[in-house]
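Chemist: Sequence:
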Amino acid sequence: MFHATRTGLAFGVAQGVMPFLGWTLGIAFVSEISAYDHWIALILLSGLGLKMLWEALGRNESDAAPSLSGSALGTAAIATSMDAFAAGITLPALGLPVLLTCVIIGTVTALLSSLGVMIGGMASSRIGKYAEVAGGGILISLGIKIFIEH
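First residue of the sequence shown? That's 6 in the working numbering, and the numbers climb one at a time after it.
There is no bait here: all hints are sound.
The following label-pair restraints were derived from C-beta to C-beta distances:
#	residue 1	residue 2	range
1	150	37	15 to 25 Å
2	39	128	31 to 41 Å
3	56	11	16 to 26 Å
4	97	129	41 to 51 Å
5	128	33	38 to 48 Å
It should be emphasised that the hints constitute simulated quantities derived from the structure, not laboratory data. Ideal Cβ placement from N, Cα and C applies to all residues, glycine included.
All chains, please: the whole structure from these sequences, using the hints.
Modeler: Laid out in structure tokens, this is it:
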């Protein structure tokens, strides 16, 4: 339960804070940030994905899957919320209350991420290594997608 809560909070905070940062800082620095944000996302997500693949493929079935360290969890949370930063720039144009919208995004993300970790924990005994390989592939694919769409 601790791991699910910790993961949910990390992803929830990142997803809630990034649109706010996009709203407050992005407008002033949009040209500087947009020039390299896709590279940052590609490097961070691909690095995390490769780390997951390396660990999954180098571990015996009987070994327990390691939980993410604090820095790896933070990196994953920030890397997967880069698009939320860009979306934050558009919040005022949509007529949405920025602070309330960010709180809702963060809360929903925290709850669903925690639920996903709990479900994943139950399923890991059956599909552990395969799920970790798939997760690594998904992170790498997400990084490539962000890079290509830029």
